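Participant: Letter by letter, the chains look like this.
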Amino acid sequence: MAISRRKFLGSLGAAVSVTTTGALTKAYGASNKQFKGYPGSSGVLHDTTLCIGCRKCEQACNKVNGLPQPETPFEDLKVLDKKRRTQADEYTVVNQFQAKEKVFVKKQCNHCLEPACASACFVKAFKKTPAGPVVYDADLCVGCRYCMVACPFEIPAYEYDKVLTPRVTKCTMCAPRIEEGKLPGCVEACPREALIFGEREALLKIAKAKIQKYPEQYVDHVYGEHEMGGTSWLYLSGQPFETIGMREDLGTKSAPELTSGALSTVPIIVGLWPVLLTGVYAISKRKDKIAKEEKDDAVQAARVQANEAMNQKIEDLRAKMTKEKTAAINFEVKKALEEDLQKREAAKEKQAKTQEEQDTKTSVELEDSLEKGKQEE
Amino acid sequence: MLKVKPFQLIILVMIVLLIVVPLIGQTSTTKSNDDKRPDRINIQLGEELDKNEMPAVGFLHDLHTQAADGKCIACHNEKEGSFVFKFKRTDEKVSMDFYHDNCIACHVDKKAANEKAGPVSAECGSCHVTGKPKESSWAKINFDKSLHFIHESSDQIKGQDTSIKDNCSACHHKYNEKTKQIFYVKGEEESCAYCHKTTKQDDIRPIGQASHNACVKCHQALKTRSITAGPLTCKGCHDAKEQEKISKVPDIPRLKRNQPDEVAITAWIPGSKATKPYMNGVAFDHKAHETKTESCKVCHHETLKKCNDCHTQDGGELKGGFVSLEQAMHNMDTSRSCVGCHREFTKKSDCAGCHFQAPVKKDNSESCKTCHNLQQAQLQSMEPGKVAKKALTDRSSRYKLVAQDKIPEEVVIDVLAKDYMPSRFPHRKVVQAIFKRVGKSDMAKAFHTDQAGLCMGCHHNSPKTLEPPQCVSCHSKKGPGMDGRPGLKGAYHGQCITCHKKMDVQAVVATDCAKCHEEKK
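In order, the protein sequence lines correspond to chains C and D.
For the first sequence, our numbering assigns the number 1 to the initial residue and increments by one for each residue that follows.
For the second sequence, our numbering assigns the number 1 to the initial residue and increments by one for each residue that follows.
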C-alpha cells in the first residue's frame with residue numbers, strides 16, 4: 001500500500017474543510033443579496049425630539065390589547081423617574097433620559113426585518129409577516145424563552161405568574177388593527193405625532209428629510225435603518241442614541257445572518273459524518289485485510305524457503321553418506337581382496353616354493369597398481 | 001482552625017499602623033497644598049524627567065514678587081529697554097547649577113538678613129516636590145472694552161508721542177521691519193493679537209511676553225511713583241476671582257479710530273467703473289454693532305481693515321483665505337459672519353419660539369432684501385456711507401405695528417374635539433406677548449419691520465397677511481401625510497408645545513392636557 005495512515009487522514013481533513021468553507025462562502029455570498037424587508041411593509045417612525053412623556057401611548061396600548069389596569073394610573077408621570085422595561089402586561093414603556101436636555105423614548109418591540117426571536121425559535125412560534133409586524137403564536141410556543149435571550153432589545157416578556165398557560169408577550173404592532181385598516185393604538189393616541197405609522201420606506205424618507213431640514217436638531221442617523229439588519233420601528237433623536245438608552249453596539253447584521261454561516265454547515269456535517277465514518281471504517285478494515293494477506297504470503301514463502309533449505313541439507317547429507325558408504329564398501333572389498341590375495345599367496349608360496357622368485361615380484365607389483373587405480377576411481 | 005495568638009495580633013496591628021500612619025500624614029499635607037494657584041510656574045529642564053532626577057520645581061512667582069518688593073530687576077535682566085522673562089539671563093542656555101547657585105544664594109542672603117527665606121542647600125525636597133506637578137489655576141485675562149476704556153481715559157498713562165493729546169501711543173504701535181523699530185501712526189491702531197500671536201512669529205514676540213513687558217512694566221513704574229496702577233502679581237490679572245474684582249465701566253463711549261458710523265457693504269469698489277451689475281449693497285450699522293459686540297475682533301478677526309479688502313467678490317485670494325465676500329458674510333458655520341452671528345441670536349428664548357421651528361435653509365427671496373437694499377445706481381450717485389445712513393434711518397422708522405382690533409381675541413379650536421372639550425385659545429394675548437418680547441430687541445425690530453410678519457411665525461408658509469388660511473387647509477385631520485407634513489393634531493400640539501418650551505413659558509406644562517382643553521366627562 002502506498003498511502004500512510006497520516007497522509008490519508010490529512011487529505012481527509014482537507015477535503016472536509018474545503019466542503020465546509022465552500023458552504024460558508026456560499027452563505028456569505030448570499031448575504032450580498034441582503035434581505036431588506038418585505039416591500040411595502042409597514043413601520044413606525046418615533047421622533048424622540050417630539051415626545052413629551054405623556055404616557056398616552058402606554059395607555060392606548062393597554063386599552064387596545066385588553067391588558068390589566070396597572071397599579072399606578074397612566075396619568076402618574078412619576079413612574080418615569082425609574083427606568084423601566086417591557087413586562088408581560090406592558091407591551092410598551094416610555095423612559096426618560098437626562099442627556100443635554102430631558103428626552104423621552106418609547107420602548108417596544110422594534111419588529112426587526114429579520115428577527116432574532118424568530119430565528120431562535122425552533123418551533124416557529126414567531127413569524128415576520130410581510131405586512132411588517134413580528135407576530136407570535138402561543139399554540140406553537142413551548143415556553144423555552146430562547147426568544148427572550150435572543151432579542152438584542154430585551155423586549156419579549158413572559159407570563160411567569162400563569163402556571164398552566166404562560167405565554168411570551170410583546171408588542172404586536174397592533175397587527176389585527178392594521179389588518180382592519182386602523183392605526184396601531186399608540187400611534188393613534190400620540191398627541192405630538194411623535195409616532196408616525198406608514199410604509200417603512202416612506203418613513204425613512206420622512207426621517208431623512210427632517211434631518212436635512214433641521215440639521216441642528218437631529219443626530220444624522222436614523223436608528224433602525226440598519227441596526228440588526230434593519231427594524232420596522234425607526235427612531236430619530238437630537239442626542240446621541242447611546243445617551244438615550246439605545247444600544248449602538250449592535251452592528252448592522254441581522255441575527256440570522258450572523259448565525260447562518262455556522263448553521264449552514266450543520267446539514268453538511270450531519271449528512272457527511274455517516275458517509276465519512278463508514279468510509280473511514282471500510283478503509284481501515286481493508287487495510288487490516290491486506291496486512292493479513294501480506295503476512296500469510298510471507299509466512300508461506302518463508303515456509304517454502306525453509307523446506308527447500310532442509311531438503312538441500314538432507315540431500316547433501318545423503319550424498320555424503322552414499323559416498324562414505326561406497327568408500328567403506330570399496331575399502332572392505334579391497335581388504336577382502338587383499339586378504340584373499342594374501343591367503344592365495346600364502347598358498348602359492350607354499351605351492352611355488354619352487355617357482356621362481358621373479359614371478360612373485362611381478363605378481364605383487366600388479367596387485368599394487370590395481371589397488372591404486374581403484375582408489376583413484 | 002487558625003488561631004491568632006495575642007502577640008501575633010499585636011504585631012499585625014503594628015504593621016498596619018506603620019503602613020497607614022505615614023500615609024495619613026501625607027494625604028493631609030498634600031491636601032492643604034493642593035489649592036490651585038495662578039502663579040505656579042513649573043521649572044523643569046528638558047522635556048522629560050529622568051528616573052534619577054529630582055521632580056520639577058513648582059515655583060510660586062507671586063511669593064517671589066512680594067519678596068523682591070515688586071522689582072522685576074531682582075530676577076530678570078533688561079535688554080533693549082524691556083525685561084527678559086527668563087530667570088537672571090537673556091538668551092543663554094541654562095543648567096541646573098545656574099538655578100541652584102542663584103536661587104540658593106539669594107535665599108542664603110535673605111536668611112542672613114533675618115528675613116523670611118526659601119530653602120537653602122540640602123533641603124532638596126522643599127523645592128522639588130514629589131508627586132504630579134500641581135496644576136495652575138491660570139486664567140486668560142480678557143482686556144475688554146471696559147478695561148480698554150480705563151486705560152484709554154487714564155491721565156497717568158503717557159504716550160510715546162507727547163504731542164498727541166490721547167495716550168493711545170503708550171501701547172499701540174506698528175513695526176518697521178527694516179529698521180526693526182516700533183512707531184506709532186494715529187488712527188491706525190490695531191489689536192495686539194493681530195501681530196503678537198500665542199507663539200513667536202519671526203521677530204514678533206508672543207503675546208505673553210509682549211503684554212507682560214508692556215503692562216507689568218508700566219504698572220510698576222506707576223506704583224513706584226505711588227500712583228494707583230494695575231496688578232504686579234500673576235494673581236492680579238490671571239485669577240478668575242481677582243478678575244471679577246476689576247471694576248466695570250457701564251457706559252463706555254465709542255472708541256475713536258476714524259471708523260465709519262454706517263457702511264455700505266458691497267463687492268463693487270466705489271469709484272471704479274461697474275460694467276456688470278452687482279448684488280445690491282447692504283446698509284450696515286457699524287455704530288450699533290460696535291456697542292453690541294464685545295470687541296472689534298468679533299468681526300475684524302485679522303486686521304481692522306474693511307471686509308472686502310481681503311474678502312474679494314470671487315474669493316480667489318490668499319489674503320482672504322480664499323473666502324469670498326459672500327461666504328464671509330453668510331457662512332452659517334461661523335459666528336464671525338453676519339448670518340452666523342445673527343443665527344446665534346435666534347436661539348435666544350425671545351426668538352426661538354418661531355425660529356426653532358423654521359427650517360435652517362428656507363428659500364425665500366424676500367429675506368435677501370431685508371439686508372441687500374442698496375442699489376448700485378444709488379451707490380454710484382452718492383457717497384456710499386451716506387446712502388447707507390439714509391437706508392438705515394428709513395428702516396428704523398419703518399417698524400409697523402398691527403392694530404389691536406385686527407388681532408382676533410380668541411380662537412376656538414374644536415376640530416379635534418373627541419375626548420376633550422374645544423380649546424379656547426387666547427389668541428390676542430399670545431400675539432401681544434410675542435410682540436412684546438420682539439419689541440425688546442432692536443435687532444429683532446430691524447429685521448421684523450412689520451409686526452404682521454410676526455404672525456407668520458405660527459402661520460408659516462403663508463404670505464405675509466393678517467388673514468392667513470386655517471391650519472386645516474394644509475394639515476390633515478386624518479394624521480401626518482407621507483410627505484412629512486404633520487397632521488392637524490401634530491401641527492397644533494407641535495406649534496404650541498414647542499413654542500412654550502423654547503420661549504420658557506413655564507405656566508403651561510406639555511403634559512397638562514386639561515390646561516388647554518378640558519376633558520370630556
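Quick caveat, the hints were computed from the structure, so don't treat them as lab data.
Any given hint might turn out to be false.
[Unchecked claim] Straight-line C-alpha distance at most 25 Å; calculated DSS-like pairs for lysine-lysine:
hint, chain 1, residue 1, chain 2, residue 2
1, C, Lys205, D, Lys478
2, D, Lys520, C, Lys182
3, D, Lys140, C, Lys213
4, D, Lys502, C, Lys78
5, D, Lys276, D, Lys140
As the structure is a computational prediction, the values presented were derived from the model and not from experiment.
Participant: Given the hinted pair Lys502 (chain D) and Lys78 (chain C), is their alpha-carbon gap at most 25 Å?
Facilitator: Distance ~23 Å between Lys502 (chain D) and Lys78 (chain C) Cα, so the pair holds.
Participant: Holds or violated: Lys205 (chain C) with Lys478 (chain D), Cα cutoff 25 Å?
Facilitator: With Cα atoms ~20 Å apart, Lys205 (chain C) and Lys478 (chain D) stay inside 25 Å; holds.
Participant: For the pair supplied as a hint, Lys276 (chain D) and Lys140 (chain D), confirm whether the alpha-carbon distance does not exceed 25 Å.
Facilitator: Given that 25 Å is the threshold and the Cα spacing comes to 49 Å, the pair is violated.
Participant: For the pair supplied as a hint, Lys140 (chain D) and Lys213 (chain C), is the alpha-carbon distance within the 25 Å limit?
Facilitator: violated (39 Å)
Participant: Lys520 (chain D) and Lys182 (chain C): Cα distance at most 25 Å?
Facilitator: With a Cα-Cα distance of about 23 Å, the restraint between Lys520 (chain D) and Lys182 (chain C) holds, given a limit of 25 Å.
Hints 3, 5 from the earlier list are contradicted by this structure; the remaining hints agree with it.
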